[in-house]
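K.L.:
What follows is the residue order along each chain.
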Amino acid sequence: MDLFLQTLVNGILIGGILICLTIGFQLTFGVLHVIDFAVGGWAMLGGYTAYWLVTLAGIDPFISIFLVFALFLLIGRGLGPLIYRVRTSRYARPDLMALAFTFGLFLFMRGGALWLWSYNSRSVESVLSGQFLSLGPVTIPLMRLSAFLMAMLFSLGLFILLYRSRFGMAVRALAQNRDHAGLMGVDVKRVSAWVYGIYTGLTASAGVLIATIYSVNPTVGIRYTLFAFFVAVLAGLGSVGGVLIAGLALGLLEAYVATYIGARYSLLIVFGTLYLALLVAPKGVLGRGI
Amino acid sequence: MSSASSNAKSPGHPPLAIESVAKHFGGITAVDGVSLSADAGEVVGVIGPNGSGKSTLFNLAAGGLKPDAGKVRLQGIDVTGWPTWKIARTGISRTFQIPSLFINMTVRDNLLAAAVEGDWQRARDRMEDALEMLEISHVVDNLATELSGGQQKLVEFGRVCMRDPKVILLDEVTAGVHPNIRQIILGAIQRLRKTGITFLVIEHDMEMVKEICDRLVVMDQGKIVAEGDFETIANDTNVRKAYLGRT
Amino acid sequence: MASKPVQTPKFIVRALLIGAIVIALAVLPAFIDSYTLRIATGALMWAGLACAWNIVGGYAGYISFGHSAFFGIGAYTTAILMQSDFGASFFVTLLPAIILSIAVAVVIGGPTMRLRGAYFAIATWAFAEMLMQLVTVLDFTGGTAGLSLPAYLNEFFFYYTMLIAAAASFVGVWLLIEHSRFGFRIKALRDDEPAAESLGIRTNLVKVQSFALSAAITALFGSIYAYWTTYIDPHSVMGPQITDQMVVMVLLGGLGTIWGPALGGVLLWITNRYIWSTFGDTVIYLPILGVIIALVVLFLPNGLISLLVGRQRGKELISNILRKF
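Chains as they are written, first to last, in full-length UniProt numbering: chain B, 1 to 290; chain Z, 1 to 247; chain U, 1 to 325.
The hints are simulated quantities; they were obtained by calculation from the structure and are not laboratory data.
Careful, some of the hints might be misleading.
Here's a subset of chain U near chain B, in silico, CB distances under 7 angstroms, partners left out [unchecked claim]:
1. Ile12
2. Ala126
3. Gln133
4. Pro240
5. Leu251
6. Gly280
7. Ile284
8. Leu286
9. Val291
10. Phe299
Here's a subset of chain U near chain Z, in silico, CB distances under 8 angstroms, partners left out [as the list claims (entries may be wrong)]:
11. Pro111
12. Asp191
13. Arg202
Treat the numbers as computed from the prediction; the structure is a model and nothing was measured.
A virtual CB, placed ideally from N, CA and C, is assigned to each residue, including glycine.
Isolated chain B (complex conformation):
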C-alpha cells in the first residue's frame, strides 16, 4: 500500500510537468493548426540552457527557468511568422508542409545539440537536489515537488492569460475561427506569432524542470515529442483543458509501469498505449476545443 501511494505521488508529480510540456503544444495546434514535431527539441534546448546557466553563471534552475521562459518566448516569437507563413502559404496550406518544416527544425536542434555537446547526459544541479520531504509513508524529493509546483504555476499563468486578458480573448477567437477573428480586427499573424512564442517558452520551461529531475542529452527530445503527442492525442488535439487530465494519466501510467512491471518496459507500454489510443479514439478521449 505504501508503494502504491508512493507511486501515485510520483505519477502525479511527473504528470504535472507533462501538462506544462504539452499545454503550449495544444495551444499552437488550436491556433496555428500546426503539429510541432520540435516540441521535444524545445524542451531539450530549455534543459541545456538551464545547464549552462547553472554551470557557467551559477544560477539555480528554479530561478533561471524564468530567464529560459523569456528567452524562448522571444525565439519563438521570432520564428512564429515563419511557421505561420509555411502553414498558410500557397503550396503549404496543408498540415504536411508545416509538419515537415518542424520536423526539419527538430532535426536541426537534435543534430546541432549532438554536434555541439555530444551524447553525454548532463544533470542540472539545484540547491534542492538531494533533499526530501516525508509525509507519513511517502517520501517526496523536494525537487520534484518544486518542479511540479513550478509547472502548475506556468500552466495556471497560461489559463489566466487565456481567460482573463484581451490577448487571451483574441487567441480564443482565433482558435474558434481564423477568418472571423481576422474580420473582427484581430491581427492574426501577430497573435499567431506570440502564441508560438508562448508555446516555445512554456515547453522550454518544462524542459528545464525535466532536466533538473532527470538529466538532459541531445536525444531526449524524441521521447518528449512522443510524450507530448501522447498527452495531446489522449486529450484531443487542440484541447487545452483536456491536457490536465491526460498529462496526469501519462504520469501515472509511466509511474505504475515503472514500479510494478519494470522501468525498461515503460516506454514500450507508453508507445503501445499511444498507438492503441489513436486507433480506438483518434479524435481524443476527452473531447476538443480550448
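For chain B, the structure is supplied; the task is to place chains Z and U on it using the hints.
P.N.:
Same frame as chain B, now just chains Z and U:
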C-alpha cells in the same frame, strides 16, 4: 462481378427499391421513412428545398451512409448496409454534388479508373464512346484541374457511364453549367435510359425536370410530401408549401 | 493486370532509359575504388528505400513516419535466422523477412490507415517506437546489445545484391503504378476516396496492399543491410533516423513521382558520405539535413524533380497531393 450482365428487367424486382429508410444525425432526422421504387428505363426526379434530405437519401442508397432503419434493394438483392464499393459493383453509380474528379489524373485516366473494377477488356472502347457522346474527346489528355466546371461535370458523368450500371444517381448534374453542356447531358440521359438504365435525379432546374423526368418525388424535412408527374406536382399545395412556405 | 494498357512510345523510351541506367550501374564497379563502391551500394539502398516509402507517402497519400519498423523487421529476421542456432544462409532469410513484414503491415495497416493526415503520421511513429522498444527488451533479439552476423566481406556481392533489389523495386513500382490497374486504384484512392469507393474500388484493400508492398520492399533492404554491416542493434536499424532519411529523400526529390525519390535518395546519401569524409563524422549531417528540409519546404515544395521536369503538370501534381493532406 456482375457488370457484364444485361440490364434487362428482372420480373418482379424493380432495379431500385428503397423501403422506409430513415437516418438520424444526432437529434436531427435527415431522412424519415422514405420509400421509393423505380423501374428499368425510368427517370425519377427528386426535388425539394435545401436540407430536405435528398442528398442524404442518395448516400443511403449508394452506401455512403448506413440507414438506421429500412432496406435498399437492387433488383431484389438486399444491399442495406453494404460497403459503397460493393454496392457500386452490384450496379449503382452516382455523381456527387460537388464534382469529385481525380484531380491529379487526366480525363483519360479518370475514365479508365472508373472501369478498373469493371469491364477492363473493353474499357478503351467504352471510353471512346463516352468521350464522343459527351463531346469531350479534345480534352482527353488534360488534367482534371484544367477543365471548366461544365467539363468537369461531363467527365463525372462519363465516369458513371464507364461502369455499365443498372441505376444511376445524378446529384445536381446540370447545376450552373452552360446550356450547351446541359443539352449534351440531357441527350446522354435519354440515350442511356433507352438501354434500360434507371435514373434517380436530384435537380433544381425545373425546365430540365419537366423535360426528362417521368415521375417526380418531392421531399421536405426528410419525408416524401408529394409524388406524381410534373403537372400534378406543379399544382400540388404541399409542394408550394414546401418551396414557398405558403399555400 | 488482365490486359495491358496501350504502350506508348513514351513507355519504350522510359524502359530503354531505365535499362541503360541499370547497365551503366552494373559496369560501374569496374571503374571505382572500394570506398566509392561502398558509397554507391548505400546510394542504391537509399534510392530503393525512398521508392518504397513513396508508394504509401506519394501515391496513396499517407505520410508514414513508421517505416523504420519494417527496415528493422527485415534486418532482425535475417540476423536472427543467420545466428548459429538456425544457421540459415543469407538468401534463405529473405523470404521469411518479406513474409513477416507483409504480415505486420497487413495487421497494422487495416486499422491504422483509417486515420488520416497527422493522426496517421503520429500513429505510425508510435508503432515504430513501440517496436524498437520491444526489440530492446526481448532476449532473442539481443536487447540493447544487438546481434552480430557472420561476416561476408565481398563488396561486389553487396553492390550487385543492392543493385538487383533497387532495380527490381524501381521497375516493379514503375510498372505497377504507371502501367497496371493497381496504379489507377491507388491514385484514385489518393485523389478522392469517396469517389473511388463509389466506382467500386475497394479503398481499404488498396490501402493495405500498398502499405504491404511498401513494407516488403523496405524489409528487403533491411535484410541486405544487416548482412552488409554484419552488426545491428535496435537503434541502428529501427531508430528514427531511418524514417527521417526516407521522408526527407522523397520530399527533396519529389513526392508521388517516379524519378524524384530515387534522385533524392542518391543525392542525399552522397551528401551524407561527403560530409562524413570531410568532417570525420556524420553528426553535422543531421543539422544540415534539418536545414535542407526547412529550405525545401520554404522554397522548393515540389522537390528537385520539379526543377528538372519543369512542367506545370508535375508541379501541380505535387502541390495537389500536399493540399489533400
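K.L.:
Hints broken by the structure, by number, lowest first?
P.N.:
Hints 1, 6, 10 and 11 not satisfied by this model.
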